[in-house]
Amino acid sequence: MEKMILAGFGGQGIMSMGQMIAYAGMVEDKNVTWLPSYGPEMRGGTANCNVIVSDKDIASPIVDHASTVIVMNKPSLEKFEHYVAPGGNLYINSSLIDHKVSRTDIHVHYIPASDIAVEIGNVKVANMVLLGALLKISKVITEKSVLDALSKVLGSSKTHLFEINELALEKGAALVSNTNPNIAM
Amino acid sequence: MKKVLMKGNEAISEAAIQAGCKFFFGYPITPQNEIPAYMAKHLPKAGGRYTQAESEIAAINMVYGAAGCGARVMTSSSSPGMSLKQEGISYLAGAQLPCVIVNIMRSGPGLGGILPAQSDYFQAVKGGGHGDYNLIVYAPSTVQEAVTLTMEAFDVADLYLTPVMILGDGILGQVMEPVEFIPPKKRKLPKKTWATTGNDGSRPNNLINSLYIEADVLYERTLAQYKKYDLIKEKETRYELYNTADAEVIIAAYGSTARIVKSVIDGLLEEGIRIGLIRPITVWPFPYTIFEEYASSDKVKKFLTIEMSMGQMIEDVKLGVNGKKPVDFFGRTGGKIPTYDEIKGKVIEVIREVTA
Chain A
1 MEKMILAGFG
11 GQGIMSMGQM
21 IAYAGMVEDK
31 NVTWLPSYGP
41 EMRGGTANCN
51 VIVSDKDIAS
61 PIVDHASTVI
71 VMNKPSLEKF
81 EHYVAPGGNL
91 YINSSLIDHK
101 VSRTDIHVHY
111 IPASDIAVEI
121 GNVKVANMVL
131 LGALLKISKV
141 ITEKSVLDAL
151 SKVLGSSKTH
161 LFEINELALE
171 KGAALVSNTN
181 PNIAM
Chain B
1001 MKKVLMKGNE
1011 AISEAAIQAG
1021 CKFFFGYPIT
1031 PQNEIPAYMA
1041 KHLPKAGGRY
1051 TQAESEIAAI
1061 NMVYGAAGCG
1071 ARVMTSSSSP
1081 GMSLKQEGIS
1091 YLAGAQLPCV
1101 IVNIMRSGPG
1111 LGGILPAQSD
1121 YFQAVKGGGH
1131 GDYNLIVYAP
1141 STVQEAVTLT
1151 MEAFDVADLY
1161 LTPVMILGDG
1171 ILGQVMEPVE
1181 FIPPKKRKLP
1191 KKTWATTGND
1201 GSRPNNLINS
1211 LYIEADVLYE
1221 RTLAQYKKYD
1231 LIKEKETRYE
1241 LYNTADAEVI
1251 IAAYGSTARI
1261 VKSVIDGLLE
1271 EGIRIGLIRP
1281 ITVWPFPYTI
1291 FEEYASSDKV
1301 KKFLTIEMSM
1311 GQMIEDVKLG
1321 VNGKKPVDFF
1331 GRTGGKIPTY
1341 DEIKGKVIEV
1351 IREVTA
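Sequence lines, in order, name chains A and B. If you count by our numbering, then the first sequence holds residues 1 to 185, one letter each, in order. If you count by our numbering, then the second sequence holds residues 1001 to 1356, one letter each, in order.
Because the hints were derived from the structure by calculation, they are not lab data. Owing to the predicted nature of the structure, the values given are computational and were not obtained by experimental measurement. Hints are supplied without guarantee of correctness; some may be wrong.
Simulated restraints on C-beta separations [unchecked claim]:
1) A:K152 x B:D1266: 49 to 59 Å
2) B:S1296 x A:G155: 50 to 60 Å
3) A:S138 x B:E1054: 30 to 40 Å
4) A:K56 x B:K1188: 34 to 44 Å
5) A:H82 x B:L1269: 19 to 29 Å
6) B:E1054 x A:K158: 30 to 40 Å
7) A:L147 x B:P1044: 32 to 42 Å
8) B:P1044 x A:T159: 21 to 31 Å
9) A:S157 x B:P1183: 32 to 42 Å
10) A:F162 x B:K1188: 45 to 55 Å
11) B:D1230 x A:K139: 26 to 36 Å
12) B:A1245 x A:V123: 54 to 64 Å
13) B:L1111 x A:E170: 43 to 53 Å
All residues carry an ideal CB built from backbone N, CA and C; glycine is no exception.
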């Protein structure tokens, strides 16, 4: 069971990244839930969602102890760092977050996602760079299912965006590996 | 049938359309806005009509009109909006009109907040509007269950000629899960011979009304209605038992709260601690009998009611338990969702008490 919290500014593609994971999980016949924040913090410009992908039935869709957390801005890191369960993975968009995490009981991945996204041509695919990293480490769903989900989310009118999203996933995956010095433990 | 990934609000809407809902009247309010949005987009394509009313009060009275014509009709709102609808709901109950009303609860009182809550329990099951009446109230806990119950709600409303409520909360409305749309088991439904569909003179005029000035007439009508309620209690009461066999502590929880409770139960089971859950699926009629049954068991030492409120369903749990065992309470309100650790902490405290 992978219990995820994804968080960042509104517009960074947090909600759609979560939906893509949930959709890909469903395509693989797994149980999935996607729960967005819709409260007052949304109106302050930050967004987060809880996503669970599991082989077993999912009881609560609320993630209090996350196996994976992705943060795309600093307020999200401050809010969700302590939600990562010991041994879990924390993915940090280091383009926008200069803070280093002091916890030593979790895997921390510093990924300059926004910079890479700009480099390959569109800052909006920063979420996909992080997702690429997540898929490499977690293996909760396959990249193929995500690409299927992506083509569904984008629809036929936006097929020109498909390639850059795929490239973003690859870039993100290439940045993390077992020998990557960014991993704290 | 293939599964689709949908928000609770959207799934409830699609279920209504597939159940033959032809009219929807609503007014926007968070966290149920995806229902009117979905209906506006999809209901006309299914041969129905969507109207955004000028207020919740107008919307519920439009429901009265469409229901009186014998059409399948639905409205939805969230807590403050549901308060505005109460007069109309009482009239619908008085006129014995079938319809489906969805309340995706947010926190109150007053305008309150937009986050999930279960503090409209009393309003939903103990009246809300004036007069002697009840609604059938379903409290789904997952998106799939919301779909199944919404589809059934239209049949049940037509069968017993009563408004039926779907009582959800912000979590159910907003969460996305894979769902299948499977039509419910067919029920034999009476013809709507009472509907005001126009009269060519071949039958007496039909009149839809909730005004009965003569005490004798209203008395008899009310008694007949309560006989029907007895039948509903006998035939339609529903609950889920989760892990209750051999449990010394039984939790009572419904809706989204029951899901968090199930996670805690699963977690404790891995540590070798067994506790059970009785989850009412109909909160009216309330499953008193099953609580009485467990309360009478020597094995069961204590009940614990957990709600996103200051304690409302606990009163029904106590009626079921009927003083045979103590009933404890844990709640979070104001839009705060009880966490896994909070519930686990309370459960462990209760277990220590009963084993001390």
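Quiz item: Which numbered conditions among the earlier hints are violated in the structure presented, ordered from lowest to highest?
Solution: 1, 3, 11
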